[in-house]
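Chemist: Now for the letters of each chain:
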Amino acid sequence: MSEKCVNLLAALGGLEEELILEAAEDRAKKRRRWPRRLVKTLAACAALAVIGVGAFYFLPSGAHSGGTNVGGKGDEPRSFLLYEGPVLPLTLRDEQEDISAERSVTLDFTGWDTDGTELLIRDSCTLKNASGEDRTVRALYPFIGRFYEVSDRRPTLTLDGVELDTTLLAGYYAGGYEGPWKGSVGGDENGGSVNMNYPDSWEDYRDLLAGGSYFAAAESPYPDFTGVTAWVYDLTDPWYTLAEGQTASRPVLHVTVPLDPAKTRLLHTGGVSGWSWDDGEGRMRFQYDIPGETSGSYQDDGHRTIVAVGEEPGEPKIEGFTAVAEDQARPLEAGATITKRAVDLEEYLRALALEQYGGYDGQEGRPDFETVYGQFKLWLVTDGPLAREPKERYLDGYLNFGEAASLVRVLWLEAEITVPAGASVTLTAELHKTGSSDPFRSRGSVGGAEYELATRLGSNLAFTNQSATLEDRGKIEIVRQNFGFDLKKGVKTVTLTGEIYFLEVKAKAG
Amino acid sequence: MEDTELVELFWARDESALAGVSEKYGGLCRELARRLLGSDRDAEECVSDVLLRLWESIPPQRPLSLKAYMLKITRNLTVDRWRGSTAAFRAGELTALTPELEACLPAFPSAEEVSGERETAEAVDRWLKSLPKDDRTLFLRRYWFGDTVKEIAQSRGVPANRLAQKLNRLRGGLRRALEKEGIVL
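Chains A and B supply the protein sequences, listed in that same order.
Here the numbering used here is used: position 223 in the first sequence is 534, and no number is missing along the way.
Here the numbering used here is used: position 122 in the second sequence is 103, and no number is missing along the way.
The hints are simulated quantities; they were obtained by calculation from the structure and are not laboratory data.
Some hints could be false.
[To be verified] Calculated pairs, EDC-like style, for lysine to aspartate or glutamate (alpha carbon to alpha carbon, straight line, at most 20 Å): (1) B/Lys131 x A/Glu703; (2) B/Lys114 x A/Glu327; (3) A/Lys702 x B/Asp21; (4) A/Lys315 x B/Asp21; (5) B/Lys5 x A/Asp405; (6) A/Lys702 x B/Asp116; (7) B/Lys110 x A/Glu327; (8) A/Lys800 x A/Glu782; (9) B/Lys114 x A/Glu333; (10) A/Lys315 x B/Glu74; (11) B/Lys110 x A/Glu329; (12) A/Lys786 x A/Asp419; (13) B/Lys147 x B/Asp116; (14) A/Lys315 x B/Glu81; (15) A/Lys786 x A/Glu429; (16) A/Lys574 x A/Glu700; (17) A/Lys803 x A/Asp419; (18) A/Lys439 x A/Asp405; (19) A/Lys800 x A/Asp405; (20) A/Lys651 x A/Asp545; (21) A/Lys315 x B/Glu160; (22) B/Lys161 x B/Glu74; (23) B/Lys110 x A/Glu328; (24) A/Lys800 x A/Asp783; (25) B/Lys5 x A/Glu336.
Here the structure is a predicted model, which is why all the values come from computation and not from measurement.
The task is simple: from the sequences and hints, build the whole structure.
Modeler: Quick look at the structure:
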């Protein structure tokens, strides 16, 4: 390869943009064009399908279905690029005919200017027991978030002023996936699954929570890989020896593993610098840098791990090369110590997760390990590398505990409470809610923040009355809303009769 | 959501523009960088560099198509990264492309003054515009986006070897066009 050739390669970067876009459109055609609604419907069907354990492992995905309100009319909430989801109402694990509820929600802007767009929410439900017997129920307070931010977003629950002990229940990922071309000029709308497609409107959550299947799935047992054999290859002590006069610009090892993809799924756990799948030969090849003086940023001990699940793959073959570029790579006397061990997949994943879960140490209110680990396993078999059809995002294997921790989901805090016969108790959730925003200001946004409140979504409580109170603290101007607040007239408490309410605000001028 | 609105955010020095373009085009750029460089880690770093380059270049730039602008920056940065590695750390589709592009090199003595990248790009622009659309996009998909011949063949429903032959002819055509324009690489 000559420098001239590289010059030409670089010069192509300066071609006219119209030509690039034309070719980009042609690329996009290669991806199937499925309507968004169809994709979501299929995802919902997949969520309902319970497929038995086969070569790999499949469980309901809990993906959402239905369309979204992209634009939004003046009196309706709309979609957001950075969408935080609505405040959701309290529910009970088991519906109670004798218990009714009155709800009052306070939107308090006390810390709004000092804490960004975080709004303090006090969501109080007074539960009345009309029966002649005490009722002990399991209350569930839902909120939207990611595992890694639970310690910040976890609501505090009190019952008549006394803080409750709660346990965390987690739903699966609330969004879907999309191709890299979605939303781009001439791009395909939904083909592919390399990127996350997060919920961007309350309707996504409405569809997610409708019918109760999402909650039911959250209560389902997590996958259990006990008894499933995983083949773990540990590569250690990589080495190479230069022949006389030989140089190696970037010594690498190619580890080739023969396998039948229908029977074996091969994963890596990091440190791989390249991989390829040769379906003609039925083998997967991983490329690893050999640490050393020429290995740049790879200053490590050279320990690499490959994990195979399913049928035992063939013996791995190691080859050394002097460089990565094929036209420069020359055979290199090199090798590594490979040890293979058959392990219990459950034990292996648990150890891997525990190691990575250590990053949560010291976080007050962090989610418990078993919940996060369970969702990690659920992600593995639903969308991740152990799914029947892994999302493109994970095609090369991706045993990343952190991915599952970063998926947005609906979570519930559960607490046991007793409502005395003929009496009432008040359960209050206090939480901080970040506003949804649209930095592009293309849909009427003025660069402020929007908050949503759902009155019945996902709840089995019989609400006799709901109201909302705005504590604006003189800090905000209302841009759009359907609550009915009127700051000029002093209307700060309103009765709620609709299904969804929104309040879009910006900082008060001056 | 229009590119022009995103550009306005950059001009307003609103940092949310970075989150916006990352959301809208980050995946696209990441896919291109990953394909060309063959490394997730390098692709992630490259996309970060693209965002930085955007922030530094808008203003004064005001690109009409942010998508094309970002793709070009991505590709240029990937080539720079790949090129700067001076044969070490080279991987990905770029490594496969360069030997193929040898066939495009005009036959001029190396002692002559080397043409600038812009001059070369303009010559390639003119040559591409002289081609039928299918040939033009075929060339760019292979040598700009790094799509494999097999991928292009699958998307077009034609045999891969037929496309390979066509690409061979296109490379020869580009070489003749560059020679005609007096381009020296």
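Chemist: If a hint holds in the structure, say so; if it doesn't, say that too.
Modeler: Structure-based check of each hint:
no., hint, verdict
1, B/Lys131 x A/Glu703, "18 Å, holds"
2, B/Lys114 x A/Glu327, "15 Å, holds"
3, A/Lys702 x B/Asp21, "16 Å, holds"
4, A/Lys315 x B/Asp21, "28 Å, violated"
5, B/Lys5 x A/Asp405, "42 Å, violated"
6, A/Lys702 x B/Asp116, "32 Å, violated"
7, B/Lys110 x A/Glu327, "10 Å, holds"
8, A/Lys800 x A/Glu782, "14 Å, holds"
9, B/Lys114 x A/Glu333, "9 Å, holds"
10, A/Lys315 x B/Glu74, "18 Å, holds"
11, B/Lys110 x A/Glu329, "11 Å, holds"
12, A/Lys786 x A/Asp419, "10 Å, holds"
13, B/Lys147 x B/Asp116, "8 Å, holds"
14, A/Lys315 x B/Glu81, "12 Å, holds"
15, A/Lys786 x A/Glu429, "13 Å, holds"
16, A/Lys574 x A/Glu700, "13 Å, holds"
17, A/Lys803 x A/Asp419, "11 Å, holds"
18, A/Lys439 x A/Asp405, "15 Å, holds"
19, A/Lys800 x A/Asp405, "42 Å, violated"
20, A/Lys651 x A/Asp545, "6 Å, holds"
21, A/Lys315 x B/Glu160, "14 Å, holds"
22, B/Lys161 x B/Glu74, "29 Å, violated"
23, B/Lys110 x A/Glu328, "13 Å, holds"
24, A/Lys800 x A/Asp783, "13 Å, holds"
25, B/Lys5 x A/Glu336, "16 Å, holds"
When each numbered hint is compared with the structure, violations occur for hints 4, 5, 6, 19 and 22.
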